[in-house]
Amino acid sequence: MRLNPVLAAAAGLTAACLWPAAGPALAGGFDVGNGEVWQKLVKAPAFTLPTAADGVQDGLARYKGKVRIIDFWATWCPPCREEIPGFVSLQKRYAKKGLVVLGLSVDQDAAAPAQFAAANGINYPVLMANAATKAAYGGIRGIPTTFVVGRKGFIYKKYVGAVDAATFEADVKALL
Numbered sequence: 001m002r003l004n005p006v007l008a009a010a011a012g013l014t015a016a017c018l019w020p021a022a023g024p025a026l027a028g029g030f031d032v033g034n035g036e037v038w039q040k041l042v043k044a045p046a047f048t049l050p051t052a053a054d055g056v057q058d059g060l061a062r063y064k065g066k067v068r069i070i071d072f073w074a075t076w077c078p079p080c081r082e083e084i085p086g087f088v089s090l091q092k093r094y095a096k097k098g099l100v101v102l103g104l105s106v107d108q109d110a111a112a113p114a115q116f117a118a119a120n121g122i123n124y125p126v127l128m129a130n131a132a133t134k135a136a137y138g139g140i141r142g143i144p145t146t147f148v149v150g151r152k153g154f155i156y157k158k159y160v161g162a163v164d165a166a167t168f169e170a171d172v173k174a175l176l
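In this text, residue positions in the sequence shown follow the working numbering: the first is 1, and each later residue adds one.
Source of the hints: derived by calculation from the structure; they are not laboratory data.
Among these hints, one or two may not hold up.
Stated by the list, open to error - Label pairs and their computed distance ranges (CB to CB): (1) PRO78 / ALA111: 32 to 42 angstroms; (2) ARG151 / ALA112: 12 to 22 angstroms; (3) ASN120 / LEU41: 30 to 40 angstroms; (4) ASP164 / ALA119: 35 to 45 angstroms; (5) PHE154 / THR48: 29 to 39 angstroms; (6) ALA119 / GLY55: 14 to 24 angstroms; (7) ARG62 / ALA132: 15 to 25 angstroms; (8) ASP109 / ALA174: 35 to 45 angstroms.
The C-beta atom is built at its ideal place from N, Cα and C for all residues, glycine as well.
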């Protein structure tokens, strides 16, 4: 079940790990949420960030031409942790067909996500998100926040809060 994180928070539910931070809509676009197909073509903002494991720079441009799932998450966020096995499974099943999952951790230091990734068999890049990247993606107000990006680099869908793996798989299939 998908819940609106703002309404869930008001009701005392934990659909997403939220924090009070207003942010702008995506540059050149607008902020739609929870799985609505974007009606306006908005390019996913480029980023280059250090990996959690070894600090090597990696970014969106490296995966040009692939379907990308960009997941803003943290190790301390229970809904984020619940989604990860689904992302691991999707990466395993669809990598050869052109999918890459990118985990953008909002943890304060890289040690926690690097340890979590190793302990939980994360098979996709885990990068350390910074303030500029969060702002470029419309100001991440709650996590998990996940963007599904098509092969040509346009945002297809945005989800705020935990989403089941079957929903992401349907999106991936539609874009592959």
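That 32 to 42 angstroms hint for PRO78 and ALA111 (C-beta), does it hold up? The hint (32 to 42 angstroms, Cβ to Cβ) is violated, given that PRO78 and ALA111 are roughly 20 angstroms apart.
Cβ-Cβ distance between ARG151 and ALA112: within 12 to 22 angstroms? Between ARG151 and ALA112, where Cβ atoms are some 32 angstroms apart, the hint is violated.
Just to be sure I understand the hint, the distance between the Cβ atoms of ARG62 and ALA132 should be within 15 to 25 angstroms; is that true here? Given about 18 angstroms between the Cβ atoms, the range holds.
Please test the hint of 30 to 40 angstroms on the beta carbon pair from ASN120 and LEU41. holds, 35 angstroms
Hint says 14 to 24 angstroms; check whether the CB-CB distance for ALA119 and GLY55 agrees. Holds - the Cβ-Cβ distance for ALA119 and GLY55, about 19 angstroms, lies within 14 to 24 angstroms.
CB-CB spacing for THR48 and PHE154 relative to the 29 to 39 angstroms hint: Hint violated: Cβ distance 20 angstroms, outside 29 to 39 angstroms.
Range hint compliance [Cβ, ASP164 to ALA119, 35 to 45 angstroms]: Violated, since ASP164 and ALA119 (Cβ atoms, about 23 angstroms apart) do not stay within the stated range.
Is the gap between the beta carbons of ASP109 and ALA174 within 35 to 45 angstroms? holds, 37 angstroms
The structure is inconsistent with the numbered hints 1, 2, 4, 5, although it conforms to all the rest.
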